[in-house]
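*Asks:* Respectively, the protein sequence lines represent chains A and B.
Each residue of the first sequence is one higher than the last, beginning at 1 in this note's numbering.
Each residue of the second sequence is one higher than the last, beginning at 1001 in this note's numbering.
Keep in mind the hints are simulated off the structure, nothing from the lab.
Don't take each hint at face value.
[To be verified] Simulated coverage check for chain B against chain A, where a stretch passes if three residues somewhere in it have a Cβ under 8 Å from a Cβ of chain A:
1. 1088-1100
2. 1257-1268
[Claimed, not checked] Some chain B residues well away from chain A (every beta-carbon gap over 10 Å; in silico):
3. Ser-1004
4. His-1122
5. Asp-1293
Glycine included, each C-beta is placed from N, C-alpha and C at the ideal position.
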Amino acid sequence: MIAFDEMHAADGSVRDSYRSYAEWLQSIPEAVTARKREEADLLFHRIGITFAVYGEDAGTERLIPFDIIPRIIAAQEWQRMEQGLRQRVQALNAFLHDIYHDQDILKAGRIPAEQVLGNSQYRKEMQGVSVAGKIYSHVAGIDLVRAGAGEYYVLEDNLRTPSGVSYMLEDRKMMMRLFPELFTRMAIAPVEHYPDLLLENLRSVAQEGVINPNVVLLTPGQFNSAYFEHAFLAQQMGIELVEGNDLFVRDDTVFMRTTQGPQRVDVIYRRIDDDFLDPLAFRKDSVLGVPGLFSAYRAGRVTLANAVGTGIADDKAMYIHVPEMIRFYCGEEPILSNVPTWELSKPDDRKYVLEHLSELVVKEVHGSGGYGMLVGPTSSKAEIETFRAKILATPDNYIAQPTLSLSTCPTYVESGVAPRHIDLRPYVLSGKEVSMVPGGLTRVALKEGSLVVNSSQGGGTKDTWVLEN
Amino acid sequence: MLSSTADHLYWMARSMERAENTARMLDVTYRMSLLKQTVAEPHHEWRAMLSISGLHEDFEARYDEPSAENVMHFMAQDEKNPGSIYNSIFSARENARAIRGAITSEMWEALNHTWLEMRRIHDEGIAEDGVSAFFEWVKERSHLSRGIAHGTLLRDDTFRFLRLGTFLERADNTARILDVKYHILLPSLSDVGGAADYYHWGALLRSVSSFESYRKVYRDLITPTRVAELLILRPDMPRSLTACMNEVNRLVQEINGPRSSELLRRSGLLSGELRYGSIDGIFARGLHEYLSDFLERIYELGDLINTTYFWSTDELPPAMFGSLPAASLSPNISSSSQMMA
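Whenever a hint applies, use it, and build me the whole structure from the sequences.
*Replies:* If you want it as structure tokens, here you go:
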């Protein structure tokens, strides 16, 4: 299967969007790029842009590899992507509001009710709860991939607590530091104002009547893998980074403990999963959360971003219905395509998938992080047979998709520059308005042939340039 | 400012100051032990050092005799001794790590580097001829982090809580050093002005970086009364009790807050008594009694700082909520920008 290369067309010529960059790259002696790569490594170590690793001894921190060749997106291409992202996220928010209220889409028979109401990600506690501005996913990370002919697909929606945006910002800072001349040579859309947009977005979803809302970022603490990002974003926005025990609830009102006494909290940008938010409402053994928080939330006295219960909309079982949501709520045809998906709960789909396992990717409906999946073309006969048994035991647990050949981008590896597979995660902010910075985080699978870009499995990142002309 | 952030800042500074003062205390004891002893009892000063630090029980449980080697190992590098220099530096670094976003990156990098070095020194061990160099190193690292705080931090409550920790710890330590050394040196009072006296008191003054200051201030022989006066009452001596308490008192006034009245009263009282105290009055009461009482009051101030600023909701009286004026519960209160810092 031939992958689409971002930089080179099939005949070896350089694509328009990369022309200026490729000319520049050719003019730079190899010794210079080698030095710049070392410099980048050193700087990332010194600044301490790291992620904590689970399972190894506490406090272990690892760098995410950074590649100095940017991923470049043409202006028009981004415009269309941006429209598609707005449309998709608006539909997903409308869906969340609907299923936690009147459930029109279920009544209209457009989505099977049992797939929603019987799903473990559907939170009964949220039924009938009003959230500020009817916004549920204030920060959404939509993973996009580009397949063989250059067409984009949405691979998955991340509507709970998507991470990675700090790498987008640090990658840009690094590129401007290493190669300032490129930013004068080419018109590259800025992304540095993301923290401002995020803060503005969070302030816009405070309860009615609050004039100067107090926004805080709630983190599970320094042993969480994304702690660096939590501290970074809080600092960039100039808001307090709090842990559960910094907050408390009295009379359905959330306060933080300060040296000047209790101070009221209006909006919580929480980076803690639903289950751990409030030991009185969810998991009783949670020591990360705030007792009474959910009660204050239901009473409309505090905004949680993202809302509780968004998991129902980014579940893989729901993914196949997103195009239908867009038609139902927006009255429009979807701009961004879904990857064709077979549902193994359907007998016809199941039959097809079981006959073509060696060609397909099979995913667990609730899995994430690239775990619990079968990549048919790269698996052995024995692996396929083991997976077949798992599917037959609980077919409802799986979906299948064709093996997409993700697009590639030239990347520095040990042997020199070579094509490596990439994806893209733009961050879509929803509040009073929908906003985003151009581009997002480009992740790259550094192992040859690998399609898994997750940082937990050896993925790296690249700066993402959206051209302004 | 978040109570938990203030808590970390305060303990970060206290721990680093404690590491420095433990190094100073060990250094002076080591120097004195090299001098000719008039006291018959062996290891007298090392034993005294353990008892003044309140760590003798822990020591006796795990070591044989309080020899120079044993006590120095226990106080400098013992991982199991919470008061060792090793653990003080670890605690300073861990507190800094929890609030990396609230301090400057230089500050964090310096503390992190200090800890990594400490771990290396610990693994390699300190040779007998390396102890003085080690104590010098600890002092220098402490000077460095204090200097970075001065040179890089915004002068807001972040800075104030750091300073509060520094001066409270320093007051505690100066009082302890003076108490333990005075006790040991007093038998030689009859020998005032003698050569042995000069070396012993000189070592004590040097351990709190006051030897040159003493000369400048008194231009005379070193006498025990003047040493005590310098270290207790001189407001211009940066490690004296008066200087430390003046700072503490100024800082708590600047931080202020709705729960601080008792803290302000106690710190004002203590700093006022020092400011208007006399060395004759202190000696009339008995220096040891005076210093013990001072240490107790410092401890109480620490407790009050805890309940005033680092309060937990468990200790929050329900009545307090009822009586809070509505304005202080709204997010628009005037001090909110200060808290955001």
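*Asks:* Three or more residues of the stretch 1088-1100 of chain B near chain A by CB distance under 8 Å?
*Replies:* holds (count 3)
*Asks:* Beyond 10 Å from chain A, beta-carbon-wise, is B/Asp-1293?
*Replies:* Non-interface label on B/Asp-1293 holds, nearest chain A Cβ at 29 Å vs cutoff 10 Å.
*Asks:* Using C-beta distances, would you say chain A covers the stretch 1257-1268 of chain B, given that this needs three or more residues below 8 Å?
*Replies:* holds (count 3)
*Asks:* Beyond 10 Å from chain A, beta-carbon-wise, is B/His-1122?
*Replies:* B/His-1122 is indeed farther than 10 Å from all Cβ atoms of chain A, at 17 Å.
*Asks:* Grab the minimum beta-carbon distance between B/Ser-1004 and chain A and tell me whether it stays above 10 Å.
*Replies:* Per Cβ check, B/Ser-1004 is inside 10 Å of chain A; nearest 5 Å; violated.
When the structure is compared with the earlier hints, a violation turns up for hint 3 alone.
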